[in-house]
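Peer 1: If you want the building blocks of each chain, they are given just below.
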Amino acid sequence: MVVNKISNSSWIDKISGDKSRWFKANKLEKNGRLEEAVRLYIEEAEEKRQVSPGISGLCYLSAAKILIKMKGREKAEPIFRKAAESYEEYAEKALSSSPSSAIWGYKMASKCYAWAGEYLKSEEMMKTAESLSEKIEGGGKGYPLFRIFRTGGNKRKDGKSPNAM
Amino acid sequence: MLCEGTYPFYRGGVSTWTHNLISNLKDYEFFILSVTSAPFLRRRYNLPPNVKGILNIPLWGTEFVKEHIQEFKFRDFLGRNLSTDERKIQEEFIPSLRAFLDEAKHGCKDPRRLAEAICEMHVFLTRHDHRKTVRSKAFWNIIQEELFDDRLYGYARLSYIIDFSRILSHILQLLSYEYPYADLSHSSAAAFCGLPGIILKIDRDTPYLITEHGVYFRERILDLPSKSSIIERMLLINLYRAIVQVNYYYADKILPVCKFNVDWERELGASEEKIEVICNGIDVERFKPIKIDVEDNRKRIVVMARIDKLKGIMNLIDAMANVSKRYPEAICEIYGPVSDKQYLKACQRKIKSLNLEDKVLFMGPTDKPELAYNRAYVVVQPSLSEGFPFTVIEAMACGKPVVATDVGGVSEAIDGFGVIVPPRSSAALAEGIMKVLENEEYAEEMGRRARRYVLKRFTYEGFIENYRRVYLEVLSEKIWKEIIEWQRS
Chain D
566 MVVNKISNSS WIDKISGDKS RWFKANKLEK NGRLEEAVRL YIEEAEEKRQ
616 VSPGISGLCY LSAAKILIKM KGREKAEPIF RKAAESYEEY AEKALSSSPS
666 SAIWGYKMAS KCYAWAGEYL KSEEMMKTAE SLSEKIEGGG KGYPLFRIFR
716 TGGNKRKDGK SPNAM
Chain C
54 MLCEGTYPFY RGGVSTWTHN LISNLKDYEF FILSVTSAPF LRRRYNLPPN
104 VKGILNIPLW GTEFVKEHIQ EFKFRDFLGR NLSTDERKIQ EEFIPSLRAF
154 LDEAKHGCKD PRRLAEAICE MHVFLTRHDH RKTVRSKAFW NIIQEELFDD
204 RLYGYARLSY IIDFSRILSH ILQLLSYEYP YADLSHSSAA AFCGLPGIIL
254 KIDRDTPYLI TEHGVYFRER ILDLPSKSSI IERMLLINLY RAIVQVNYYY
304 ADKILPVCKF NVDWERELGA SEEKIEVICN GIDVERFKPI KIDVEDNRKR
354 IVVMARIDKL KGIMNLIDAM ANVSKRYPEA ICEIYGPVSD KQYLKACQRK
404 IKSLNLEDKV LFMGPTDKPE LAYNRAYVVV QPSLSEGFPF TVIEAMACGK
454 PVVATDVGGV SEAIDGFGVI VPPRSSAALA EGIMKVLENE EYAEEMGRRA
504 RRYVLKRFTY EGFIENYRRV YLEVLSEKIW KEIIEWQRS
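If you read the protein sequences in the order shown, they are chains D and C.
Position 63, counted from 1, in the first sequence is what the numbering used here calls 628; the numbers after and before it change by one each time, with no gaps.
Position 251, counted from 1, in the second sequence is what the numbering used here calls 304; the numbers after and before it change by one each time, with no gaps.
Worth flagging that the hints you see were computed from the coordinates, not collected in a lab.
Just to be clear, a hint being listed does not mean it is correct.
[Stated by the list, open to error] In silico lysine-lysine, DSS-like type, Cα no more than 27 Å apart, as pairs: (1) C:Lys-352 x D:Lys-700; (2) D:Lys-589 x C:Lys-79; (3) D:Lys-700 x C:Lys-398; (4) D:Lys-595 x C:Lys-398; (5) D:Lys-592 x C:Lys-105; (6) D:Lys-672 x C:Lys-534; (7) D:Lys-592 x C:Lys-79; (8) D:Lys-672 x C:Lys-327; (9) C:Lys-398 x C:Lys-362; (10) C:Lys-534 x D:Lys-636.
[Said to hold, decoys possible] Distance windows between CB atoms, simulated: (11) C:Asp-163 x D:Glu-689: 45 to 51 Å; (12) C:Lys-394 x D:Gly-597: 55 to 61 Å; (13) C:Trp-533 x D:Lys-700: 25 to 31 Å; (14) C:Lys-421 x D:Glu-600: 50 to 56 Å; (15) D:Lys-634 x C:Pro-148: 35 to 41 Å; (16) C:Gln-540 x D:Leu-685: 52 to 58 Å; (17) D:Lys-700 x C:Asp-163: 51 to 57 Å; (18) C:Phe-125 x D:Lys-592: 24 to 30 Å; (19) D:Lys-634 x C:Leu-94: 58 to 64 Å; (20) C:Asp-216 x D:Glu-600: 55 to 61 Å; (21) D:Lys-592 x C:Thr-419: 40 to 46 Å; (22) D:Glu-608 x C:Ile-122: 31 to 37 Å; (23) D:Leu-685 x C:Glu-514: 30 to 36 Å; (24) D:Ser-661 x C:Lys-421: 27 to 33 Å.
[Said to hold, decoys possible] Computed footprint of chain C on chain D; a stretch qualifies when at least three of its residues, placed anywhere within it, have a C-beta under 8 Å from a C-beta of chain C: (25) 598-611; (26) 629-637; (27) 659-671.
Every residue, glycine too, gets a C-beta built ideally from N, C-alpha and C.
I would like the entire structure built from these sequences, with the hints used as guidance.
Peer 2: Below is the structure:
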């Protein structure tokens, strides 16, 4: 689609211009200052690791993405490992309140471990996600909070659609 | 966060949802873009510290776009005004307005064409004068060509087309604002407030989410002016359909609050793999059974709803006429703000004509709904349309039996732990209420079970965690896409 680019320099930038590290890293990345952006993403990821492992995983993943561009996959592997660990921690934390979030977390961890070259760990994460998924999908009576709406493709054993109560 | 007629300036279910979500997602920072009806509105909520800014976009009540905001500079206004003339409007604005109208009047044949027109109009209107544009000859020529001269809509009344053009000029105000930088945009409706989300998605590849409470399209149909002809209605219906469809098309995820919405969304062209139901959750520590000494021993029927046609208050009043014949001591307390003054007057007239002045009381809005619920013998929800109503699960959490109409996600919420009646039937509603009033033991047991059920299914933690994950999911997905593309290249 051809759309004229919307102006970036306006008063609205002032009010949305935040001081957060994530925001700064984003801007640096867009301006091509990649080394600085990686540093900020990693700092942010480390700071958020305890309180918010999901965000930490996201920051590591952003850093890994830039490292791949800059230095190739090998250099990015340790950061992918850290991202995987963060996503795994996120999944464990989310498990009690939202199993569907935990499933997603384990799947993300699996992908990141694979990119870190840790294939066994990646497989283990995927198995955990799948077994959890089976427990939820096969759990009899529907539970909207924990269920992802899917098309009629994967029918339940009783022949009803997966979301049928 | 993109809102329309809700947070933080109006109270109601969607505002409560927005406030709960923002207050609990402390690890995210929010900027609120609120489409409203007036420029200077009092905030109805204390904003949590992670709200970094608010932009109120009033569609009515301002002569010049942005005149109500602090950053408004006369110099900018003058610049925009001087750079706007008939030739520019004709060349740079009219082609996109023509495309927009063509898509709008046909209910969106091509969402990409519609979105492109919206973006182009946004680009033009942020650099030029909105007022001058909608007063130009070129603007009205296009209205003539696309509407008056249209083979179908040409049959609409002159006054109606002029009204429609007025609505259009107000919508264009929304496109005249610059929107803030964000990592993702989240709209609380597939409505006009979603247009900034679509623009940001196209311009900056910002992931876009929609949470749908009541189905916007359905609610607009219910709210159509009753005096208009079929053709006139079609024009508005098609405009709403177009806006909803373009929202669905550009959303990365559509998050209905109940399964009821899914069928509508599918029917309106939403792709199924984007849809995920996330039910509302409530604070079960706040909404719990509380012992309250009420002034008398009358059986209280509590309703928590704003005074609006969609809430079915008229029906409730009719039902109360029936109920009070068998239970003269029953009293109905309606808590909620007035959003439609005409409707309130009509309700009051009806109450007077039925001699129910001391039996149906408008209590106004309350900051302590948990206390209001706990005054009740039974809580009633008489709506004609709902998404996934907080009032039902809050009342259930307070251990109260609920009688509710079968609309939207209500029956999903109640799931057998309350009484469901068909909407628009005052007789059925009265019967449902009397069923609970006549058997105290039954009512108490229903309330106890309802609370247990809510504790199991509609907790805050699950609700918040699901949104936290969806935000992470769309952001992570965007990064993955870049990684994969980079690797391929």
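Peer 1: Taking the hints in turn, state whether each one holds.
Peer 2: Evaluation of the provided hints:
1. C:Lys-352 x D:Lys-700: violated (45 Å)
2. D:Lys-589 x C:Lys-79: holds (19 Å)
3. D:Lys-700 x C:Lys-398: This hinted pair is violated, its Cα atoms lying about 54 Å apart.
4. D:Lys-595 x C:Lys-398: The hint is violated at about 57 Å.
5. D:Lys-592 x C:Lys-105: This hinted pair holds, its Cα atoms lying about 18 Å apart.
6. D:Lys-672 x C:Lys-534: This hinted pair holds, its Cα atoms lying about 16 Å apart.
7. D:Lys-592 x C:Lys-79: holds (22 Å)
8. D:Lys-672 x C:Lys-327: Holds - the C-alpha atoms of Lys-327 (chain C) and Lys-672 (chain D) are around 18 Å apart, at most 27 Å.
9. C:Lys-398 x C:Lys-362: Between Lys-398 (chain C) and Lys-362 (chain C) the Cα gap is close to 12 Å, so the pair holds against 27 Å.
10. C:Lys-534 x D:Lys-636: Measuring from Cα to Cα gives roughly 18 Å; hence the hint holds.
11. C:Asp-163 x D:Glu-689: 45 to 51 Å: holds (46 Å)
12. C:Lys-394 x D:Gly-597: 55 to 61 Å: For Gly-597 (chain D) against Lys-394 (chain C), whose Cβ atoms are near 57 Å apart, the range 55 to 61 Å holds.
13. C:Trp-533 x D:Lys-700: 25 to 31 Å: Distance hint for Trp-533 (chain C), Lys-700 (chain D) holds at roughly 26 Å.
14. C:Lys-421 x D:Glu-600: 50 to 56 Å: holds (54 Å)
15. D:Lys-634 x C:Pro-148: 35 to 41 Å: Between Lys-634 (chain D) and Pro-148 (chain C), where Cβ atoms are some 39 Å apart, the hint holds.
16. C:Gln-540 x D:Leu-685: 52 to 58 Å: violated (22 Å)
17. D:Lys-700 x C:Asp-163: 51 to 57 Å: Between Lys-700 (chain D) and Asp-163 (chain C), where Cβ atoms are some 43 Å apart, the hint is violated.
18. C:Phe-125 x D:Lys-592: 24 to 30 Å: holds (26 Å)
19. D:Lys-634 x C:Leu-94: 58 to 64 Å: Because 46 Å falls outside the window, the suggested range is violated.
20. C:Asp-216 x D:Glu-600: 55 to 61 Å: holds (58 Å)
21. D:Lys-592 x C:Thr-419: 40 to 46 Å: Holds - the Cβ-Cβ distance for Lys-592 (chain D) and Thr-419 (chain C), about 45 Å, lies within 40 to 46 Å.
22. D:Glu-608 x C:Ile-122: 31 to 37 Å: With Cβ atoms ~35 Å apart, the hint holds.
23. D:Leu-685 x C:Glu-514: 30 to 36 Å: holds (32 Å)
24. D:Ser-661 x C:Lys-421: 27 to 33 Å: holds (30 Å)
25. 598-611: violated (count 0)
26. 629-637: n = 4 at 8 Å, threshold three: holds.
27. 659-671: Holds: 8 residues of the region 659-671 of chain D have a Cβ under 8 Å from chain C.
When held up to the earlier numbered hints, the structure conflicts with 1, 3, 4, 16, 17, 19 and 25 and fits the remainder.
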